[in-house]
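Number of protein chains: 2
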Amino acid sequence: MKIGILGYGNLGKGVECAVKNSADMELAAVFTRRDPASVKLLTSGVPVYSVNDAKKYKDQVDVLVICGGSATDLPKQTPEYAEYFNVIDSFDTHARIPEHFANVDKAAKNSKHTALISCGWDPGMFSLARLYANCILPDGNDYTFWGKGVSQGHSDAIRRVEGVKNGKQYTIPVQSALEAVRAGKNPELTTRQKHTRECFVVAEEGADKAKIEKQIKEMPNYFADYDTTVHFISEEELARDHAGIPHGGFVFRTGKTGWNKEYNNVIEYSLKLDSNPAFTSSVLIAYARAVYRMNKEGLTGCKTVFDVAPAYLSPLSGEEIRAHLL
Amino acid sequence: MKIGILGYGNLGKGVECAVKNSADMELAAVFTRRDPASVKLLTSGVPVYSVNDAKKYKDQVDVLVICGGSATDLPKQTPEYAEYFNVIDSFDTHARIPEHFANVDKAAKNSKHTALISCGWDPGMFSLARLYANCILPDGNDYTFWGKGVSQGHSDAIRRVEGVKNGKQYTIPVQSALEAVRAGKNPELTTRQKHTRECFVVAEEGADKAKIEKQIKEMPNYFADYDTTVHFISEEELARDHAGIPHGGFVFRTGKTGWNKEYNNVIEYSLKLDSNPAFTSSVLIAYARAVYRMNKEGLTGCKTVFDVAPAYLSPLSGEEIRAHLL
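Chains as they are written, first to last, in our numbering: chain A, 2 to 327; chain B, 2 to 327.
Calculated directly from the structure, the hints in this document are not laboratory data. Just so you know, not all the hints are guaranteed correct.
When chains are identical, the list treats them as one kind, so a pair holds in a single copy or across two.
The calculated BS3-like cross-link candidates involving lysine-lysine, where the alpha carbons are at most 27 Å apart (straight line), are [stated by the list, open to error]:
id, residue 1, residue 2
1, K186, K215
2, K41, K215
3, K113, K56
4, K257, K3
5, K21, K257
6, K257, K14
7, K262, K56
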């Protein structure tokens, strides 16, 4: 299976690593908006091409993994490249998924390609956990907690505050809330009761730290609804202690069974990830295998993780997975 | 969707409850080996027929849920009824799954029915957790812990010991082992290090309790490889404190990502169930919906949970699940 990568940032590099760890795949090409000569891959012997030439290589790539951002890149790129390639993306702007799905579906159906959108862990594996659990326990409550992990959006928001040189934000589930959910107590939780936010900030020299802290804590949408802690540290400390991009979280479904709904049940799915992009890429690559196979079987158009039978993800045969994993 | 139940024990009753909790389903009939007149359902107005007459009602049932035992019932019943009905079972003798699959597949393909075997939580939801996690993290370790919960097989084994009037056995994960796995320490665990077994035994009057305890603790396969505790209690205490059939467990996959496999990841899926048969039935009923739909689409033959795209389980449309659960 020949994999192409479009966009060589954190996610693109993660896909490169996941391909290396998959015996049935090889990296065919990387496409970039930068000068291809300036992009140095980890894998030796793989060509880097300009994104403008990508379509020329459509017969050399079985599945193109599109590693752009959800805000402006993917809404344009995924439908565009679905006309030439089987594609997969990690589009995560929940509110715009119906629109994105429709655009990609149209392009993929026209060209008889298979496309899979919104793949990763949320949306992705967490969505699957929610769907399965909702189908099994139709009478129940859903809870999702994120973290402990780095939120890129909140880290960016900190860095836009005047006087801030650099910064990183961790989203942290409130342990007591998580324990109450796990114990089946079905608490009603406000935004503030579910997560706290912890910020590590490098201030510019002479900046007013009290003012920075106030501005962060009162920032609407991002921090105002949370209990937020702000720590001022040096650029060296930030580089030393906060270089990673860990993340994770918890999906719960609590629900009732029995004739009089007398039995309680708790379904929990959780992830603890040293590197968010490396894990997201590993999910993308497992689903790239499914996209390739579904296309071979004539299953074209746009799909999500909900439409993919799990067996398509495995390099093993049906006999093997029934014998060893069932 | 019209559901039939074959076998009205704990599991059959659970299916009846799960059908009641599913707005798009109705219970069409129950088939029993007992005298139908002696079987009193929870649902009013639903006929009970002799299992010998089941085939007469093949056009009145969309999916037949076969609630027999794995040892002798299902290997015979599921292939037999797959000739007349779409069927689903919870066959859980792991070693015989390939053989059972082949037999059911042949019958279902011949008659253009859809069959799903080995559905429930293990095999079933735990199998899915293992498969997804193995596909995402090809380089890693699997751990499954069961409990705290009642093991029917071990409870039966206790009751076969001379001098034992009644008894119940709980399988309990060793908390320190579970924590080590959750922390990503990848421990190598012996059978004894993973689970303990706790037995509540009602002895016959005048029975030699020391001898009973010794016999239980030294019983090969069932108890000899475990740290086992035996409590002697009265029949009243057993009825009062141990009437339920709770169960659950944990599936972990720990694995590496990154170019040099420098990142650790922990995927955890767990269940905590007040009633094992009520939850198993709820899984069966969600998959019965999938069986019905797959049959409508011409997807015939024998399937497992690995072959079912998750969207088939939901009563909601593709648009709805993408909008609300993705």
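**Earlier hints that do not hold, by number** = Going through the list in order, the structure violates hints 1, 2 and 7 and respects the others.
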